Amino acid sequence: MTAPKLAQRTYYGKALAQLGRDNPQVVVLDADLAGSTKTISFKKVAPERFIECGIAEADMIGIAAGLAASGKIPFASTFGVFASGRCWEQIRMAVAYANLNVKVVATHCGLSVGPDGATHQALEDVALMRELPNMTVIVPADAYEAFQATLAIADYIGPVYMRMGRSEFPVCTPEEKPFEIGKATVMLKGTDVSLIGCGQMVQACLEAADLLEKEGISAEVINMATIKPLDLDAVYDTAAKTGAVVTAEEHSVIGGLGSAVAEFLSEVRPTPLARVGTYDTFGESGSADELMKKYGLTAADIVREAHNVIEMRDEKS
Numbered sequence: 107m108t109a110p111k112l113a114q115r116t117y118y119g120k121a122l123a124q125l126g127r128d129n130p131q132v133v134v135l136d137a138d139l140a141g142s143t144k145t146i147s148f149k150k151v152a153p154e155r156f157i158e159c160g161i162a163e164a165d166m167i168g169i170a171a172g173l174a175a176s177g178k179i180p181f182a183s184t185f186g187v188f189a190s191g192r193c194w195e196q197i198r199m200a201v202a203y204a205n206l207n208v209k210v211v212a213t214h215c216g217l218s219v220g221p222d223g224a225t226h227q228a229l230e231d232v233a234l235m236r237e238l239p240n241m242t243v244i245v246p247a248d249a250y251e252a253f254q255a256t257l258a259i260a261d262y263i264g265p266v267y268m269r270m271g272r273s274e275f276p277v278c279t280p281e282e283k284p285f286e287i288g289k290a291t292v293m294l295k296g297t298d299v300s301l302i303g304c305g306q307m308v309q310a311c312l313e314a315a316d317l318l319e320k321e322g323i324s325a326e327v328i329n330m331a332t333i334k335p336l337d338l339d340a341v342y343d344t345a346a347k348t349g350a351v352v353t354a355e356e357h358s359v360i361g362g363l364g365s366a367v368a369e370f371l372s373e374v375r376p377t378p379l380a381r382v383g384t385y386d387t388f389g390e391s392g393s394a395d396e397l398m399k400k401y402g403l404t405a406a407d408i409v410r411e412a413h414n415v416i417e418m419r420d421e422k423s
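Each residue of the sequence shown is one higher than the one before, counting from 107 in the numbering used here.
No lab work stands behind these hints: they were computed from the structure. Since the model is a prediction, treat every value here as computed from it, not as a measurement. Hints are all accurate, no fakes.
Think about it this way: if two alpha-carbon atoms lie no more than 30 angstroms apart in a straight line, the pair counts; the simulated DSBU-like pairs of lysine-lysine are:
| # | residue 1 | residue 2 |
| --- | --- | --- |
| 1 | K289 | K120 |
| 2 | K289 | K347 |
| 3 | K334 | K289 |
| 4 | K178 | K289 |
| 5 | K347 | K295 |
| 6 | K334 | K283 |
| 7 | K334 | K111 |
| 8 | K320 | K295 |
| 9 | K320 | K399 |
| 10 | K111 | K400 |
All chains, full assembly: derive it from the sequences and hints.
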């Protein structure tokens, strides 16, 4: 049975609507993009707790910080390039430094934003948020996980940055599975190579595992939906098992999931590793599928890197 293709932001909106009905402390803020970020779903349920900030993203973060200091649970949403870039100083000082309970949820991240082009394709947002003390960073694998992660971060006390894409893509997680912050999920067990993905690249890792299986190569697939705090036990265990690791993310390899895994393994268990992601570049305008192929973010690219790290491992042994 073919998995349905769903947009994460749609299910983020569904989760917000549920929170609007169930949790009177939740307040939602947007920056003139409620139709695109789907926060409009919350507005329909709890209009008195929806704040339209207009095209004033930095102000939106300051307002969210004030609401958090008053005991509310604010969700502040806009596109990833604005949330992480235009608002970085405000997030650093008013949210992370103050360690306030603000949820910054960014949509339209990664190359799959497509025709909007490089100006709107956030490829560095995880790096910008991951470096901030007190900040938790989450990248759900699909729409179902985005829904569950939204509910989870509403209960979590502390600053959170969650990123999502724009386009529809296949779901690969169970619809009703609760999300646990800081815990990776083994999607497929294997013995020859470890494929660690986040966001829609988890689906690409599963597709790559199918291709590798046809070659007699057993791939372990891990959904690392929490980038910070990284599930160190999961990374260590899979690296110890296979001795060869490939990370995959719709983000720059500088500062994202690949960096986090490489930093950890280099200190505790040096392991042949390859990072699938964008390499020190901006994106461009095009269809999502064309861009993912051009910039090397496909199952075939993961398979190629899997062969490379297996070869490196075997040469060392």
